[in-house]
Amino acid sequence: MNKIADSDALSPELSITTTDDVAVNFDAVTKKFGDSVALNAVSLSVKRGEFMTLLGPSGCGKTTLLNLAAGFFGPDGGEISIDGKRVNDVPTYQREIGMMFQNYALFPHMSVASNIAYGLKVRHISKSEQERRVNAVLALVKLTGLQDRMPRQLSGGQQQRVALARALVINPAVLLLDEPFSALDKNLRAAMQVELRDIQRKLGVTTLFVTHDQSEALSMSDRVAVMSQGRIRQLGTPADVYCRPSDRFVASFVGDANILRGRLEQIEGASAVVSLGAARVTVPSAPLVGVALSSPVDLFVRPEQLKIGDVSEPCATNGTVTAQVYQGGHVDIHVASEASSRDLLVRTGEHDALSRWCIGRKVDVLISASDGVAFATTSDVR
Amino acid sequence: MPRSTYQRLLGFSGKLAVLLIVGFLILPAVVVTMAAFNDKAILSFPPQTWSLRWFVKAIAYEDFRAGFYHGLVVTAWSSTIALIVGALFAFALDRYQFLFKSTIEAVLLSPLVIPHFTIGLGFLILAAQTGWTRTYALVIACHVVLVLPFVLRSVYVSLRNLDRRCEIAAASLGASPLRVMTTITLPLLLPGLISGWLFAAILSFNEFTASLFVTAQRTQTLPVAMYNYVREFADPSMAALSVMYIAGTAALIVFANAFLGLGKVLNIEQNR
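Line by line, the protein sequences give chains B and D.
Residue 125 in numbering that gives the first Met the number 0 sits at position 126 of the first sequence; the count goes up by one each step and never skips.
Residue 253 in numbering that gives the first Met the number 0 sits at position 254 of the second sequence; the count goes up by one each step and never skips.
Here chain D stands alone, though its shape is the one from the complex (with noise of 0.2 Å):
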């Protein structure tokens, strides 16, 4: 069947506007990525003549090193307890049924509600008072409030979508309540418990907001790192770190989905 000019005209409008509307979505890392191989000191696009020696010197940088060696500190030890501490709290929201549940659940899930500044700032307060300022457990205590939903909605999720006959079929097969648990599952719960913790270490890792209020200069992480920075310098070095923070957050992307299945490990795929 001949389509008519309208139908043709309608298609064409479509696909054109989603190529904007993708464009517009990708347009500043497009826009940041072409600034870090500028060749002249000053951010600007596009770019005449093309080098690497930003890439170089944000490397070399010492503030940066330290504040990505801090940064994965921070980022190890909180997502990995908002891990435990989460999935501790999403079992026990799933499976039992207590006094003040829904107000508990709501309290875990406010940080959502509440920004990032505010929280920052009451940990900055609580800290003062206690001489913890320079510490990282400061900082690893409130990236931990601060990720701690996402692991909570993740590894929820995935309960939820865990066929609970499983659990049930190995008991009936002899398994106890204990091993039920570590061979049917922990592994059934694996996919959503990693991309908890992946959230929540890409969440850490990019935290500013609080993460200024609370960092100190020997915990600073490289977000602070990159506004103290550019508060005094204006080069591509900036634009280069952002080119670097991109490739690292897609290979591990790429990594997670390599070997576990992105769709898995997003929740985007219905379990079984």
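Excised from the complex, chain B in its bound form (with noise of 0.2 Å):
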């Protein structure tokens, strides 16, 4: 499943039917920083409507991918292209593009009514026309009766919100956003990403978000490109690059994974089958291609589809509780075990958990679901 959705952007001639259906094209996109290579050959194409994500650790080149798009510089090879219009020699000015910026860089001489405005007035568009187009995005980002108000009398969730609304208001060919939450609380965070979605959504605006917190990006995009050292490493839907990553680093950089020592049991076509103690987990036979059978493999498992019981069942290994750590709504319990060089995370929603899986009980650990991922142990570099 995930190959096709990878083989689906690595070569764009298979993925563009009509070119009106891509928003953002980038072609074989190459920068670099001196001597250090941000992006190698990174392609990928954005569709109208849809909301990407790039994920990556600090220095992925996600960020540098985005500036490419706004064209604050330019790339070192490849083409960068929006409505199949080719920008690489377009300068910002002229790419018909919304940005909100992490520290929002509101205009800080203009109330919020002229912050808006900037990019309709730059346009020659009518008083009239302003005035109703910033009225419009003022209720859609829910601060109607502030246009007078200056940017530094605004709260952080404000400020974002003006931000937002100065992006949308010129309808852009698509909108960037630069880690737009970092400097909001938790709470907030939660409710912008709601409320971005939800305007994203009924606008209907091509996106496209950066982001390093895996959790934002699942829950916010149609799509996400994971990406590491300058490349995409996997490109899928939300579920996919948690259910079914495509490498060693997407599986543990996206959410938690526990790596389990297991044995290839059996490979057949696009399956596999690896076993641990008494579970046999189906696997995409891909990643362990070229591995011989019965030889160790690494079998990624995610914390909730760990589970714990008392010894004695058929269970995938056994070992000792060495720590509970209490979350509200469920517990993660630590297991010190033989099949994992660091300690098993299980995530369990059980009221009881604490009091039953005290620290320094024997346990047996259960692997709850039928299919996950495996990698060959040593091969794949991080």
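Everything labelled a hint here was simulated from the structure, so no lab data went into it.
Just so we're clear, the structure is a prediction, and the values are computed from it rather than from any experiment.
Please note that a few of the clues may not be correct.
[Claimed, not checked] Here are the in silico distance ranges between beta carbons for each label pair: (1) D:176 / B:84: 20 to 30 Å; (2) B:144 / D:4: 33 to 43 Å; (3) B:184 / D:114: 53 to 63 Å; (4) B:93 / D:253: 40 to 50 Å; (5) B:93 / D:117: 32 to 42 Å; (6) D:91 / B:144: 39 to 49 Å.
Here a beta-carbon is modelled for each residue, glycine too, at the ideal position from N, C-alpha and C.
Two independent chains are provided; combine them into the complex using the hints.
Next comes the structure, spelled out in structure tokens:
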């Protein structure tokens, strides 16, 4: 499944059925800063109306890709097009983009209304039309009545809404968002995520969103491009990258993962079976090509796919509880086991987990999912 | 918690020290101000009888009137030219990399370390060669050199504090570079530009040492006129002039504060 999504992105000639569907296209884009390669022949097509997230650790090239779309600098190789038009040499101000910055970058000497109307004024839109569109977008971001305030009189959340309104009011071909929520506290962030997604869906504006926060990426996106070291490691829906990561990097970067030492039982066509104790897990065979039968492989299992049971059930492995972490909605139990070099992380919603699985208790660990992912033990570099 | 005698003593002497220092700083202004209202024709302190007649005399004195006018002309031209030149250089130094950048920066700031009489003398020698000795151009050129470093500094600091992302945001909204300059960069720099101009104007209007070399009878500025006056007379009209100087400058700063916020004009507040 993930392979299909992958090839979709990596070979644009397959994914572009009609150019009308593609809002932003990167074709083998390379960018160097001095000797370091920030982007290495990256190809990516963002469909019209799609919410696409670039996810990765700092330095992976996600912001560079966004800045290339904005035109703050040019690529060293490859082509970038917006709405089917090559924009490599088009300066930022002629690109019809809307951008929201990490610190919002509101104009401190202008009122909320003037900030929002700036892009309309630059486009010589009539005063009455400006006013109409400013009022409409203010209602959209729920700031009606604040048009005469100055930016410094607004809270962080309100400033963010102004920044969003300012970027949206010009009906951009693509909305570019650079870690817009990083300055907000946790509750406000969650509320703004829902709201931004809602607005994006209503307007159907193509959105390219940069974040290092995997939960943000999973909750908001239509598709996620997981990046590392200047390349796209996997492109797919949030469920794709979470449940069917294409390599070890994606598996460990997106969500928590336990790495268990299993054994390759059988390999047949697109799927393979990995065994661990009494557990048998079906995995995609692609990452395991070339691995000999019954040799060890690394099985990646999410914390919520592990279950703790009493000794004697047919189980995957066993171990000793070393820590309990109470999280309110769930409990994380750490189990030291032979099957993994690190403590296993077991996530459970049981009310009595804290008292049942006390520290020092010997327990069995079961794998509750019947399918997962596995990778060859050493070959793949993180 | 009760404070010990030692702590109280320390607090008291601390307040006293602050009071003494502040008093010492404003002492000359206080003495001169009081002397200005002296009825007698000598510069003495404290005055026995009070009068405003030295103010009347100072305002009526022809050389002072001429000096005031010359000073305004020189100040207006020199601080405006210095502002334009200084702002351009500050912009170039902040935004661009070029050859001999640090050398140019050092040269631009060098009038800070060269004595004013050296600069005045230099201009005088040059002017003597070209026959410019009696012109405004000479005085203005000399003052531009003297005040340029202050304008440059002031604008440079504002540029440093300017959030470049505002300019980038404006560009992303479709503003051409010229439009970004006029609608974002310049308005945000305005407090720095005004404070630079104000500093330059105050410095230029008060400048004496270099002005003594480069002014002639026809271009004599107020401080030079005062110097010439004090060589012959020693009545309190000098003090009266000083009071008007202080009042004028204070009024200027109050005005700047009222309309622009002193913190912003003097670049005390960090730009957001």
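Is 20 to 30 Å right for how far apart the beta carbons of residue 176 (chain D) and residue 84 (chain B) are? 21 Å, holds
Could you check the hint for me, namely that residue 93 (chain B) and residue 117 (chain D) are 32 to 42 Å apart, CB to CB? For residue 117 (chain D) against residue 93 (chain B), whose Cβ atoms are near 53 Å apart, the range 32 to 42 Å is violated.
Starting from the hint 33 to 43 Å, judge whether the C-beta atoms of residue 144 (chain B) and residue 4 (chain D) obey it. 60 Å, violated
Determine whether the Cβ-Cβ distance between residue 184 (chain B) and residue 114 (chain D) falls within the hinted range of 53 to 63 Å. Holds - the Cβ-Cβ distance for residue 184 (chain B) and residue 114 (chain D), about 57 Å, lies within 53 to 63 Å.
Within 40 to 50 Å or not, the Cβ separation of residue 93 (chain B) and residue 253 (chain D)? Given about 47 Å between the Cβ atoms, the range holds.
Whether the CB-CB distance between residue 91 (chain D) and residue 144 (chain B) falls inside 39 to 49 Å: At 44 Å between Cβs, range holds.
Checked against the numbered hints listed earlier, the structure breaks hints 2, 5; every other hint is satisfied.
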